[in-house]
Amino acid sequence: MTRTNLYALVLTACCTGWIWIGIQFPLFQSGQQHEVGLCLIKQVTNVPCPSCGTTRSVLALVDGDFASSLQWNPLGWLVGTMMLITPLWITFDLLLKRRTFIHFYRRTEGWFKSKWVAGPAIALVLANWAWNICKGL
Amino acid sequence: MDLQKVDLFIMTNAKFFEAHHLGWIREQLIQLDDAQWPTLQMQQYKDPTTLLIVSLLGGSLGIDRFMLGDTGLGVGKLLTCGGLGIWSIIDWFMIMPATREKNMAAFQNLLA
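Here the protein sequences line up with chains X and A, keeping their order. Throughout the first sequence, residue numbering follows this note's numbering, covering 2 to 138 in sequence. Throughout the second sequence, residue numbering follows this note's numbering, covering 88 to 199 in sequence.
Read the hints as simulated data drawn from the structure, not as lab findings. Here the structure is a predicted model, which is why all the values come from computation and not from measurement. Keep in mind that the hints are not guaranteed to be accurate.
[To be verified] Cross-link-like lysine-lysine pairs, in silico, DSS-like; alpha carbons within 25 Å at most:
id, chain 1, residue 1, chain 2, residue 2
1, X, 43, X, 114
2, A, 92, A, 102
3, A, 133, A, 102
4, X, 114, A, 189
5, A, 133, A, 189
6, A, 189, A, 92
7, X, 116, A, 92
8, A, 133, A, 92
9, A, 102, A, 189
10, X, 116, A, 133
11, X, 114, A, 133
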């Protein structure tokens with residue numbers, strides 16, 4: 002993947018994420034948020050996927066409620082941090098004509114291809130999935 | 088390389104590549120040395136139809152992208168419920184061309 006494609010994809014994803022959070026935040030604060038979101042797995046099977054609850058987790062983070070954010074889905078902390086840092090990082094790269102983000106992305110991708118990183122990561126995701134199912138998200 | 092071998096390769100592997108790449112692949116194979124035939128036979132390509140089925144069933148978890156070797160995109164899909172479901176649906180249409188492009192890159196690596 003080229004630098005331009007990656008940066009465009011990540012910026013689009015982050016912008017969509019922030020727009021989605023912006024739409025959901027007033028509903029979250031007033032407690033009117035719908036239980037079923039846009040997750041295809043949840044819609045079709047009625048079983049939550051490993052990342053179900055991430056939106057509510059990020060919303061709780063934005064609201065300053067860190068404990069309930071962790072309770073909704075720990076992945077929300079990861080996604081929230083990425084949504085905050087990556088647009089700034091990419092803007093910095095684009096302004097200074099550097100390639101630090103794509104180098105980081107490729108290095109991280111390389112780590113995840115190693116079984117010593119992929120194994121524990123898969124185990125954590127599966128454990129989180131089991132927790133999501135137990136919580137009945 | 089022998090024309091019969093070239094045509095055999097094209098017939099066997101046409102489904103793994105974009106139609107507009109086949110002419111170029113044929114030309115490259117004709118110029119290739121016969122000694123490279125076993126290496127060419129050993130190369131495994133990803134089946135676009137298999138990836139489409141995986142994308143339909145496990146696209147929301149990013150399994151299709153993991154299988155394709157795009158680990159970063161796979162993690163992205165996994166963390167975002169398949170990009171709020173939108174990315175999953177887009178990938179139902181994009182995964183077959185993406186697989187063929189990956190196969191083409193693997194073929195070019197073999198020639199290099």
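Hints versus structure:
1. X:43 - X:114: violated (28 Å)
2. A:92 - A:102: holds (17 Å)
3. A:133 - A:102: holds (10 Å)
4. X:114 - A:189: The given pair, whose Cα atoms are some 17 Å apart, holds under the 25 Å limit.
5. A:133 - A:189: holds (8 Å)
6. A:189 - A:92: holds (23 Å)
7. X:116 - A:92: violated (38 Å)
8. A:133 - A:92: Distance ~21 Å between residue 133 of chain A and residue 92 of chain A Cα, so the pair holds.
9. A:102 - A:189: Holds - the C-alpha atoms of residue 189 of chain A and residue 102 of chain A are around 13 Å apart, at most 25 Å.
10. X:116 - A:133: holds (21 Å)
11. X:114 - A:133: Judged against 25 Å, a Cα distance of about 18 Å means the pair holds.
When held up to the earlier numbered hints, the structure conflicts with 1 and 7 and fits the remainder.
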